[in-house]
Each structure stands twice: as C-alpha cells, then as structure tokens.
Amino acid sequence: DAGVTQSPTHLIKTRGQQVTLRCSPKSGHDTVSWYQQALGQGPQFIFQYYEEEERQRGNFPDRFSGHQFPNYSSELNVNALLLGDSALYLCASSLGGGAVETQYFGPGTRLLVL
Amino acid sequence: AQSVTQLDSHVSVSEGTPVLLRCNYSSSYSPSLFWYVQHPNKGLQLLLKYTSAATLVKGINGFEAEFKKSETSFHLTKPSAHMSDAAEYFCVVSDTGNAGNMLTFGGGTRLMVKP
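Protein chains in written order, with our numbering: chain A, 160 to 273; chain B, 2 to 116.
In case anyone wonders, no lab produced these hints; they're calculated from the structure. Hints should not be assumed to be uniformly reliable.
As the list claims (entries may be wrong) - Below, computed lysine-lysine pairings styled on BS3-like, alpha-carbon distance capped at 25 Å:
hint : chain 1 : residue 1 : chain 2 : residue 2
1    : B       : LYS43     : A       : LYS185
2    : B       : LYS70     : A       : LYS185
3    : A       : LYS185    : B       : LYS59
4    : B       : LYS70     : B       : LYS59
5    : B       : LYS43     : A       : LYS172
6    : B       : LYS43     : B       : LYS59
7    : B       : LYS70     : B       : LYS50
With the sequences and hints as input, model every part of the structure.
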C-alpha cells in the first residue's frame with residue numbers, strides 16, 4: 160500500500176519565478192492538506208482540499224494556490240517566489256475532514272529560492 | 002481558535018532513562034491531539050493520537066501520552082530512551098470547530114539521547 164508521495168524531492172528557483180509541487184494521497188484517502196515548514200519551525204497549514212474544492216485555508220497570501228484532481232491528487236502552486244518561501248513543503252492526506260481523522264504525511268519537497 | 006505550546010525546545014536524556022516532552026494546548030472546542038515525530042530529512046510520522054476516548058493513549062515505540070483537560074496538557078512520555086528516539090517531536094491539535102481538520106503544530110522539541 161503506497162503512502163503519500165510527493166514530487167519533486169528538491170527544487171531550486173529564483174525570486175519571481177513560479178513553482179508547482181505535486182502530491183498523491185495514500186490509497187483510499189480523499190482529502191489533501193498542504194503545510195509549509197520553515198527551517199527550525201513547526202509546519203504551518205496552507206490549505207486543504209476535499210472534493211476538488213478548497214475547504215479551509217491558513218494565513219497565506221493569494222500567491223499560494225492549489226488544485227485537487229478527480230483522482231484526489233493535488234498540486235500546490237506558488238507565484239512570484241520570495242526568498243522567504245524557501246522551506247520544506249509537506250503534503251498530508253486523510254479520509255474525510257473530521258478532526259479525529261489522522262493525517263498521513265509525505266516526505267516533502269524542499270524548495271530553495273535564490 | 003486553537004494553539005499549542007511545547008514548553009521545551011530541547012530535551013537531553015541518557016539512554017535508558019525516562020523521557021518527558023511537555024505540551025500545553027488551547028482549543029475552543031473538543032480537541033483531537035496528536036504527537037508526531039520527524040527524524041532528520043524524513044517526513045512526519047504519527048506516534049499517537051487522542052480523540053476523546055481513554056485519556057491515557059499508547060502509541061508506537063513505547064511512547065504514551067496523557068490528556069489532562071483541567072491542565073490543558075498532553076505530555077509525551079517513554080519509560081526508557083533509546084538512541085533511535087533522537088528526533089524532533091511535534092505536539093499537534095485539531096479541534097472539532099474546524100470546517101476541515103486543519104492541524105496546528107507546536108514549535109517542536111528536539112530530543113537528544115546520550116549514550
């Protein structure tokens with residue numbers, strides 16, 4: 160049973176560029192959440208997708224957008240990259256959106272903005 | 002609103018001695034509480050979770066945590082540390098007031114285990 164997978168594993172971009180990160184949820188899961196983890200900090204919630212709609216959003220600017228496909232996989236897009244966007248981006252999947260549901264995390268995509 | 006405070010950013014123990022990682026939470030509704038572990042250059046792995054059943058929760062690798070509503074705490078313990086326990090530990094809250102199940106993470110506690 161494949162867990163949560165993310166691609167690419169590492170990425171280097173320059174300021175002002177745009178980036179797309181991808182996530183495939185654990186088999187049977189229908190909800191995907193994205194988190195940003197800056198160096199030395201805990202992950203911060205970006206947004207969550209369920210049934211191809213953004214259901215909940217954290218305190219991130221509109222430069223951060225996403226999409227969920229009919230097969231439940233998801234993309235995170237970041238426009239106009241800033242140096243401060245350098246971080247580990249984590250995808251998590253769960254079944255449904257209840258607070259009791261466990262979120263399973265992928266290995267992350269490490270983004271470096273120069 | 003929900004928040005988590007991990008009271009120690011670093012904890013150092015000797016192998017074979019007990020581990021205590023402290024966590025306090027704030028939640029407007031009935032919370033679900035989790036502990037996740039992150040080894041270097043690895044993703045987050047769930048250790049255990051509390052979801053309003055038994056207040057003493059047992060997890061993987063000998064870890065357990067006790068939910069104390071009166072103290073708004075969810076401390077993580079292990080009777081005997083092993084070298085492989087060295088990692089970053091995150092206390093996490095999700096409350097039922099969410100439209101989804103957004104997780105709010107504490108700042109993390111780095112556990113160091115000395116031989």
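Against the structure, the hints come out as follows:
1. Using a Cα cut-off of 25 Å, the hinted pair LYS43/B and LYS185/A holds, with the two alpha carbons roughly 17 Å apart.
2. Simply put, LYS70/B and LYS185/A have alpha-carbon atoms about 33 Å apart, too far for the 25 Å limit, and the pair is violated.
3. Of the pairs offered as hints, the one joining LYS185/A and LYS59/B holds, with about 24 Å between alpha carbons and a cut-off of 25 Å not exceeded.
4. Taking the CA atoms of LYS70/B and LYS59/B, the gap is near 17 Å; set against the 25 Å cutoff, the hint holds.
5. Distance check on the hinted pair: LYS43/B and LYS172/A sit about 22 Å apart at the alpha-carbon level, within 25 Å; holds.
6. Distance restraint check for LYS43/B and LYS59/B: the Cα-Cα separation of roughly 23 Å lies within the 25 Å cut-off, and the hinted pair is therefore satisfied.
7. For the hint pairing LYS70/B with LYS50/B, the CA-to-CA distance comes to about 15 Å; that is within 25 Å, so the pair holds.
The structure is inconsistent with hint 2 alone, although it conforms to all the rest.
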